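Number of protein chains: 2
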Amino acid sequence: MSEWRKDPIVNRWVIIATERGKRPNDYKEINDEKSSRECFFCEGNEAQTPPEIIAYREQDTVRDQPGWWVRVVPNKFPALSIHGDAQQKNSGVYQYMDGVGAHEVIIESNNHIIGMDEQTDQQVEEIIWAWRDRSLDLRKDTRLKYIQIFKNTGPVAGASLEHTHSQLVAVPFVPEDVREKIEGMKEYRHQHQSCVLCDVIGQEISENKRIVFESTHFICFCPFASRFPFEMTIVPREHQFDFVQLREEQVKDFAHVLRNSLRKLTSMIKNIPYNMVLHTAPVNQGEEHHFHWHLEIIPRLTIMAGFELGTGYFINPTPPEIAAQALRETVEVYHVGEKYEMEVPQYV
Amino acid sequence: MSEWRKDPIVNRWVIIATERGKRPNDYKEINDEKSSRECFFCEGNEAQTPPEIIAYREQDTVRDQPGWWVRVVPNKFPALSIHGDAQQKNSGVYQYMDGVGAHEVIIESNNHIIGMDEQTDQQVEEIIWAWRDRSLDLRKDTRLKYIQIFKNTGPVAGASLEHTHSQLVAVPFVPEDVREKIEGMKEYRHQHQSCVLCDVIGQEISENKRIVFESTHFICFCPFASRFPFEMTIVPREHQFDFVQLREEQVKDFAHVLRNSLRKLTSMIKNIPYNMVLHTAPVNQGEEHHFHWHLEIIPRLTIMAGFELGTGYFINPTPPEIAAQALRETVEVYHVGEKYEMEVPQYV
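Protein chains in written order, with this note's numbering: chain G, 1 to 348; chain F, 1001 to 1348.
These are calculated hints, taken from the structure and not from any lab test. In this text, all values refer to a predicted model and were calculated from it rather than measured experimentally. Among the hints, erroneous ones may be present.
What the hints assert, rightly or not - Computed list of lysine-lysine pairs in DSS-like fashion (alpha-carbon distance at most 25 Å, straight line):
#1 G:Lys209 with F:Lys1089
#2 G:Lys209 with F:Lys1186
#3 F:Lys1186 with F:Lys1145
#4 F:Lys1209 with F:Lys1006
#5 F:Lys1145 with G:Lys89
#6 G:Lys209 with G:Lys6
#7 F:Lys1022 with G:Lys270
#8 G:Lys22 with F:Lys1186
#9 F:Lys1209 with G:Lys6
#10 F:Lys1270 with G:Lys209
#11 F:Lys1145 with G:Lys6
#12 F:Lys1022 with G:Lys186
#13 G:Lys145 with G:Lys209
#14 G:Lys89 with F:Lys1209
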């Protein structure tokens, strides 16, 4: 059983993940981990993952057998588990509790595709529906307070498996970083009687310096205070606090914007490592109507080092205006996936 | 001129560092940067750095010439500069200001030594004095509110040059992460009428599960809620809020503890990448007597990915009790530097 431990100075919890238990000797082989072995996530290898939680699959196919196009399984080495006791315990100055939570993997294709941008719009829609289904199901466990959906692509960005996948970690606290965003949004609303992200959308459209592209329901832009080169934010034009509020026509549009934002990035820098982070309202905490959900795409071209670890400040060597211009102008050379040959998007 | 930009949602500033100005094309060569060229920091190459700010050097030697053992120069590609206007400006929903601050490099040896643990205790003392001298000098500029001293070793930890060096970045704000530590310490004192780190020292010594070693003036331990495998904290037993309060006998002891902590780490995992981060009280803000200064050694064996970026939570696969045991038991095989052959430390 993993363990949550609270830092005795700041209100931040850490997961001591014994399930992934690395003994000191394990790190000596750190460079050999990327050996090319058979892929656990490819169709036909269903037995190599824990049993599926849900899958979108063809009629008359069987659980944990081929015939699916999106498949969600528990992480084989989960950082957290739904078992255990969510009671905090004390030991002198320290606090800890069982590693309660959930850790799931969304396998985004039955094929060994590496980039989400190599998928069709339709397939990305299915992935978004899977995120939504899992989020709605997990929040039934009222111990869980936040559901973090994210995606790591490339070893530098923390992906240990190549096959395109995203992850979901549900935690029994509202993380401080999420609380900070909520408080910032509340504070702005208090001062201006409006939503800061709604106002950002308005200003970005009118200045037109950092927009990557616009669609019917979303805008994608490089944020004014980008922490990372080519960082992008995708935000719905409509004020929604929780991404599960997405309507069907928005899902379609979100899929299109998401895939094409990534395509622009990978067209510009091949095999670029990146993280995708979905920011949405906490669950089981009362509805946080002030929140405006959004998704961040974070390319990992710079390294978080001592300065960032000490201060929380980031140094970004590429102004977002230059990043956005480059992304807008990128000729979208499409790396054709095995199954998919798609239209070139009509943006810009 | 670089620019500070404030995130419109949270109170966090970002440095848009135009001096290091990376255009989109610069990233395509990202893997070729580590070419083995002549070292700017070696003795004899003083002309290749900006003019020195201070150096500890032999009598009758000349500024920016050989004869030094520690040398401090401005960063050649500074993220921040003492020039410019510390006035915050508005542009609609956004705030920004000139990239005011300071960015210096402490060259820790005149020899091309890579690891701080390859130095003598005496040389590490000199480095600590240089940190202290620069911190005392920079705080005379009352616009500066925090002085972050840190060290990156190894490319994975963000070091772009091999030659052993640390850095100092002085910023015109108290970073949110620093404020969070201060508030946590104040809150604890309010509740318990004592300092949380003083209490942590007491508990660590009495439990004796996470101690790496103890000296007269310091303890080194793997923190209860370690975010990283083999993370270590070095803390003075005496409650001091600002590291410049260090007395001469403490500097000697700190140097010994610091060098030997690193030696344990590098003996266990050769060429381990790590960051060192000094946490001390802000400056020009009234004295923060609640603070208890400390230094963190952060090995970079895990990757901060989407989950960490979204929540601020970390997943650590190696419990600190196991890490501390391994570090305690490590046979300290000393990689002999060119000039230095030292006693094996007597700890454990």
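Hints, one by one, checked against the model:
no.: 1; hint: G:Lys209 with F:Lys1089; verdict: holds, 18 Å
no.: 2; hint: G:Lys209 with F:Lys1186; verdict: violated, 43 Å
no.: 3; hint: F:Lys1186 with F:Lys1145; verdict: holds, 19 Å
no.: 4; hint: F:Lys1209 with F:Lys1006; verdict: violated, 42 Å
no.: 5; hint: F:Lys1145 with G:Lys89; verdict: violated, 37 Å
no.: 6; hint: G:Lys209 with G:Lys6; verdict: violated, 42 Å
no.: 7; hint: F:Lys1022 with G:Lys270; verdict: holds, 17 Å
no.: 8; hint: G:Lys22 with F:Lys1186; verdict: violated, 35 Å
no.: 9; hint: F:Lys1209 with G:Lys6; verdict: holds, 17 Å
no.: 10; hint: F:Lys1270 with G:Lys209; verdict: violated, 47 Å
no.: 11; hint: F:Lys1145 with G:Lys6; verdict: violated, 28 Å
no.: 12; hint: F:Lys1022 with G:Lys186; verdict: violated, 35 Å
no.: 13; hint: G:Lys145 with G:Lys209; verdict: violated, 37 Å
no.: 14; hint: G:Lys89 with F:Lys1209; verdict: holds, 18 Å
Figure legend: structure checked against the earlier numbered hints; hints not met, in rising order: 2, 4, 5, 6, 8, 10, 11, 12, 13.
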